[in-house]
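Chains as they are written, first to last, in my numbering: chain H, 1 to 206; chain U, 1001 to 1623.
In short, the hints are calculated from the structure, not lab data.
The model shown is predicted, which means the values in this text are computed figures rather than measured ones.
Yeah, the Cβ is synthetic: ideal placement off N, Cα and C, and Gly gets one too.
Any given hint could be a false lead.
Listed below are the simulated DMTMM-like cross-link pairs for lysine to aspartate or glutamate, each with C-alpha atoms no more than 25 Å apart in a straight line [unchecked claim]:
1) U:Lys1621 - H:Asp143
2) U:Lys1487 - U:Glu1416
3) H:Lys101 - U:Glu1571
4) H:Lys101 - U:Glu1545
5) U:Lys1487 - U:Asp1537
6) U:Lys1273 - U:Glu1332
7) H:Lys60 - U:Glu1253
Covered by chain H, per the in silico footprint, the following chain U stretches (three or more residues, Cβ under 8 Å) [stated by the list, open to error]:
8) 1043-1057
9) 1172-1183
10) 1297-1307
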Amino acid sequence: MEGKVTNILVVGIGGQGVMTATEILAEAAITLGHDAKKTEVAGMAQRGGVVSSHLRFGAKVLSPQITAGSADLLLAFEAAEALRWCHYLRPGGLVLMNTAKLVPPVVNIGLYDYPADPVAEILSRGYRVHAFDAMDIAMALGDVRLGNSVMLGAASGHLPFPAEVLLEAIVKRFAAKKPQLVELNRKAFAAGQAADARAAEIKEAA
Amino acid sequence: MAAVLPAPANSRQFLSGNEAVARAVWEAGCRVAAAYPGTPSTEMLEELSRFPDIYAEWSVNEKVSLEVAIGAAYAGSRAFCAMKHVGLNVASDALMTLTLTGVIGGLVISVADDVGLSSSQNEQDSRYWGRFAHLPILEPADSQEAYEMAKIAFDLSEKFQCPVILRLTTRICHVKALVTVGSRSAHAAAGFKKEPARWVMTPAGAVRRIPLMFEREGRLRAEAEASPLNLVEEGSGRVGFVASGPAAMHVREAFPEAPLLKLGFSCPLPVEKIRAFAAKVDRLVVVEEVEPLIEMEIRANGIACFGKDILPRQGELAPNVLAPAIARLFGEPAPATATAAAALPADVFPRPPTMCVACPHLGVYYTLSQLKNVTIAGDIGCYTLGAGHPWNALDTTISMGASMGIAMGLDKGRGEADKDKRILAVIGDSTFMHMGMQGLLDIVYNKGNVTVLLLDNRAVGMTGGQNNPGNGRDLYGDPAPQVDFAKLVESLGVKPERIHVVDPYVLPVLFKTLREEIKIPEVSVIITDQPCVLVDDYKKQQPFEVIAEKCTGCGNCVEVGCPAIHVLRREKAIKPSGKEVELQFVQIETAACTGCGLCVQPCAPDAIVKVAPGAPVSILKRQ
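Construct the complete structure from the given sequences, taking the supplied hints into account.
Rendered as structure tokens:
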């Protein structure tokens, strides 16, 4: 890790917990002694707009912004957003993608089309994709808000530090605010790990 | 909001620039802090309200917030005020004479420029105010520097007895980074001492203060020349950079080895330090967001440099902008990463911000979109979104409170083509109190023919639902006197029979009231009285659902614009008149719906009904 800065881009829509997920990733990196910077532009994001949150960590971080073509990992909370931001990845980089589609009013009223096959389009650009429905997984566990921990669980196998460090950061956050939700989030995290592993196998088989 | 125990001294905290500044303001022993909310500056005061031993307030506008801070500083307290860039335009009247009186207690003005327009009506460079008012400017490059410079700013302010401008940008305010925090030292207020020659700015008094201001500027320049905030980082390479603010970090990122003069104390400009640096490098490039202020001053001092001739005049100067610009300077191709096909963005639909599910503004804009032959002057807040789809029911937006004056001008300046147009103005509660009241008074006084819609949602919605004098709660969430808008506008001279308070969820009444009032050739005020759905005052109700068999695809509900209504299927159909129409068959996302009932009202076939109590709600899954 000496000298190398890890770039993680987390994207989605206002209200999905994108910024919280990035914050937890940052906390995990900081507990390991890394320098870290996190940035997003989300001034109007709570009105259903796009949220992109940049996390950079390593020995020393200067600019907080990830340059297009240099992200190590793209964590996408929504299918079309995965496509919108995939060019931020370094060549051959990995997209962890929630396949759930959140359709905005401009598509609803017929002004624009939703991309027909975001996964295929991302693959055609030479990136790797692990796709799974984080919303279904979260709802099966009883609460759509668990999608955040599902996504982090999926990411945990692709970080330059052990998955346990990330899980601990989630546990610590909930232990302080909502201790009754710790166990459920552990389950969501494990489900995310499993979903990522399954997605990887499907990709191998294909 | 109860004060929480601040993080211990010497600990490392992961703080946004706004949080870092707030911590520093508290540590500096500041006693009074004031602001009006505005992205990206809002969190500074929100954070300060959580600290003990400091008075913090939401002021009604930025000018008032600065005046509150000035008064406190006159009394010898350390004082702070925060605002976004356009806020300083509002406060500038006070600022431009404050520079003559100066202060006793340290006064720091933290101004956040929204470089890149994440949530603003324009982009501007607040560093002009430093030159205009002959005041010092500090420009931090990250959270740690924002923290340190905010503390230094108070010392500087007291040493030179003038306010200090701390210039932030969105990329400082909303970036989180590690900050090592310190401990608080109290600063008792010296108390106000009468000194009319200094505090009462009559022409005779002011004329004697102007030479003192210039003398102070000279001393400030010497301070900047010697300041460790202006730091030369030696290096090697064909270009030497002068950079300030977050751009300095971007330069370091893109050119790790290059010589860099990083300006933290950038006004007055340390020209001699720059001259010495320039002498040591082959080519000097100035990197600053947004305007070429440093660059122009460098050139004016006879030092050759590049700047905005090779860099953009707007937006952020991130590494992906810098690297190709420097390559072009040497006639070289842009770095491969910037030109690779894979690095170009995909063509994906835009996802603009929308109004929330059940937002009370939906009823207003649905109704406005049904009116013909109207011109609607808009204002700044969530309701600016009414200019978008599907309503397209807002025709102007320029500055806080401007809907009033613009509507008046649209009325008085009518062209022949506008002869029969009805003029409306739409303004939110907080914006009305910020700067709209004066405009309404102007309409009343000068007998304008404008129908004003005052959307009282009891919050500063767009910035996150902050309290204001309209909702009866202060910054701390404690009870405060509450404005009665009907009485307020009546006291401004609107006739009582022209004032209506309506529920924006009851469309027939809203429509009837609007249609009647726009026909009456004098000023009317229609006040809507339902709270923002994001604040605690809003009470959710049982959601609605669509009975699929009854939906005829008329699409009336879609025109409401609620994000919980989804079109699942479109069909072409021929009307009896022979006209082809597109039918839109809809479903409501019951997990998102909060039962406001707006979409029920225009539904022709009564296909929208309440979900049975206890029945499960669902998230709409798209295939």
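Verification of the hints:
| no. | hint | in the structure |
| --- | --- | --- |
| 1 | U:Lys1621 - H:Asp143 | holds (15 Å) |
| 2 | U:Lys1487 - U:Glu1416 | violated (36 Å) |
| 3 | H:Lys101 - U:Glu1571 | holds (22 Å) |
| 4 | H:Lys101 - U:Glu1545 | holds (20 Å) |
| 5 | U:Lys1487 - U:Asp1537 | holds (22 Å) |
| 6 | U:Lys1273 - U:Glu1332 | violated (31 Å) |
| 7 | H:Lys60 - U:Glu1253 | holds (11 Å) |
| 8 | 1043-1057 | violated (count 0) |
| 9 | 1172-1183 | holds (count 5) |
| 10 | 1297-1307 | violated (count 0) |
Hints 2, 6, 8 and 10 from the list above are not met by this structure, while the remaining hints are.
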